[in-house]
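For reference, the chains in residue letters:
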Amino acid sequence: MNRKLKRWMMGMALMLTTLNSTAGIAEQLSGSEPEVHNLSLTHHDFEHWSFTPSANDTLAITNKSDVAHSIYITHPDGTVVNLDVQLPGETFTWTIPAAGNYLLQCWIHPIIRAEMTVSP
Amino acid sequence: MKIRSLVMLACTVFSVHASLADDKIKRSDYQRPEAIPAPASNPLTEEKTTLGKTLFFDPRLSRNEGMSCATCHSPDHRWSDGRVVPLGSEELEQPRRTPTVMNSAWLKALMWDGRANSLEAQAVLPITTPHEMNYNMKELVERLGEIKGYRPLFVNAYGDTEITTERIAMALATFQRTLVSNTSSFDQWVEGDEDAISSSAQRGFQIFNDEAQCAACHKSWRFTDDSFHDIGLDDPDLGRGKVIPVEVTIMQHAFKTPTLRDLPENGPFMHDGSMTDLEEVIKHYEDGFIQRASLSKEMKPFELSDQQRADLIAFLKTLDGGPLAIEQPELPEE
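Chains as they are written, first to last, in this note's numbering: chain S, 1 to 120; chain A, 1001 to 1334.
These are calculated hints, taken from the structure and not from any lab test. Note that the coordinates shown come from a computational prediction; the quantities given were computed from them, not determined experimentally. Be a bit skeptical, because a hint or two may be false.
Computed cross-link-like contacts, BS3-like style, restricted to lysine-lysine with a CA-CA straight-line distance of at most 30 Å [as the list claims (entries may be wrong)]:
| id | chain 1 | residue 1 | chain 2 | residue 2 |
| --- | --- | --- | --- | --- |
| 1 | A | 1148 | A | 1283 |
| 2 | A | 1219 | S | 64 |
| 3 | A | 1300 | A | 1026 |
| 4 | A | 1283 | A | 1242 |
| 5 | A | 1242 | A | 1138 |
| 6 | S | 64 | A | 1297 |
| 7 | A | 1317 | A | 1300 |
| 8 | A | 1138 | S | 64 |
| 9 | S | 64 | A | 1108 |
| 10 | A | 1300 | S | 64 |
| 11 | A | 1300 | A | 1283 |
| 12 | A | 1297 | A | 1108 |
| 13 | A | 1148 | A | 1138 |
Residues of chain S placed beyond 10 Å of chain A at every Cβ, according to the derived structure [what the hints assert, rightly or not]:
| id | residue |
| --- | --- |
| 14 | 48 |
| 15 | 107 |
| 16 | 119 |
No residue lacks a Cβ here, since even glycine has one placed at the ideal position from N, Cα and C.
Kindly produce the complete structure, drawing on both the sequences and the hints.
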């Protein structure tokens, strides 16, 4: 009896897992589920990234250098968003509000400058 | 057991030594570049350099014809002026020391507060600043147009006699890009000449990178990463805080990290020219700075012995390549 119950529970669990992962793939395909993209910051640059961010995605930026940074982002309409100070080892996040071209810079280190194109 | 401990200790010591020599302090990080960079929109040419040099030394670029770029950026003073307060700034509430223009081809942000982002943009600022050359570009273009001797210089540089603000700025920027520090004894050491600098200076180099953490900001062969910091000087000048949004607290009282190459013997040092010897400067970084919300996160107290301070100063002196002398141009006749 116990063995039958166990088998039934395992079957249900397998079915739920399959349903869940299928739903996840569907959501990803439709682009409705925001993603989190990891990005690293070195002493004088953002490390190269290969992902293509979409609106509502989040950037998780980790300061991997041994100095503090003060990142700010210029939006496509010219609005500037300051992200305060990022100490060595800290990870900070920024959610992309809309599609367009963004400019990521550092107040402390003007040499840090990266352009990011965000799709709808 | 004892032998095992000794072996482990030896391995640890060797490992730490190797790490310092190979990873943390790399001489190659301080290697001089092979070529002078220039933007594609304003490539280096000999003809533009000649025009820019002439303009740089010509006092007719100022309203009263009494001040040239070279008045404050003089070859006799390592292309600065050796003054605590620049000429014409005596009445200003917050005067800033004249920075050198050497090695400016590599600058990523110009002026003490970074308000110019290229040498071309910077070039017109002193000409049009009231307490400096106090002129305006429209009248300057007209004045230069009346000096016949400038015509061949503009033809050689640009192909015709047209004089514009942009062309003046491009020529001045081009000349300044050619002002590069002479090779110093430190450079020779970086290239492998072990005897080029004293053992005291070599210890100073280690202190510079290690205990004192100067290299957190004074990076690269120019000994600056062009970053901006509040180093806790008791000075009301807000620096970069005046030109960027006020809510960026970390930029209040922040000024550009100056180069450490070719330092003048007796200063003045710091953006406000408030210090005249290097020992005073080092002590400021040890624990002489004032605490405030905008203080740079890289300002961390440390303590050096008298010998260590002397070693650090010995190292800094190895960065001096000597005067960069040039032949002054013959100014064009009317």
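Results of checking the hints against the structure:
1. A:1148 - A:1283: With a Cα-Cα distance of about 55 Å, the restraint between residue 1148 of chain A and residue 1283 of chain A is violated, given a limit of 30 Å.
2. A:1219 - S:64: holds, 17 Å
3. A:1300 - A:1026: holds, 23 Å
4. A:1283 - A:1242: holds, 28 Å
5. A:1242 - A:1138: holds, 28 Å
6. S:64 - A:1297: holds, 15 Å
7. A:1317 - A:1300: Answer holds: residue 1317 of chain A to residue 1300 of chain A is near 24 Å, not above 30 Å.
8. A:1138 - S:64: Given pair residue 1138 of chain A, residue 64 of chain S is violated - Cα atoms ~49 Å apart, limit 30 Å.
9. S:64 - A:1108: Given pair residue 64 of chain S, residue 1108 of chain A holds - Cα atoms ~22 Å apart, limit 30 Å.
10. A:1300 - S:64: Measuring from Cα to Cα gives roughly 19 Å; hence the hint holds.
11. A:1300 - A:1283: Holds: residue 1300 of chain A and residue 1283 of chain A sit about 12 Å apart, inside 30 Å.
12. A:1297 - A:1108: holds, 21 Å
13. A:1148 - A:1138: holds, 18 Å
14. 48: holds, 20 Å
15. 107: Check fails; 5 Å does not lie beyond 10 Å.
16. 119: For residue 119 of chain S, whose nearest Cβ neighbour in chain A is about 29 Å away, the distance exceeds 10 Å, so it holds.
Consistency with the previously given hints fails for numbers 1, 8, 15, ordered from lowest to highest.
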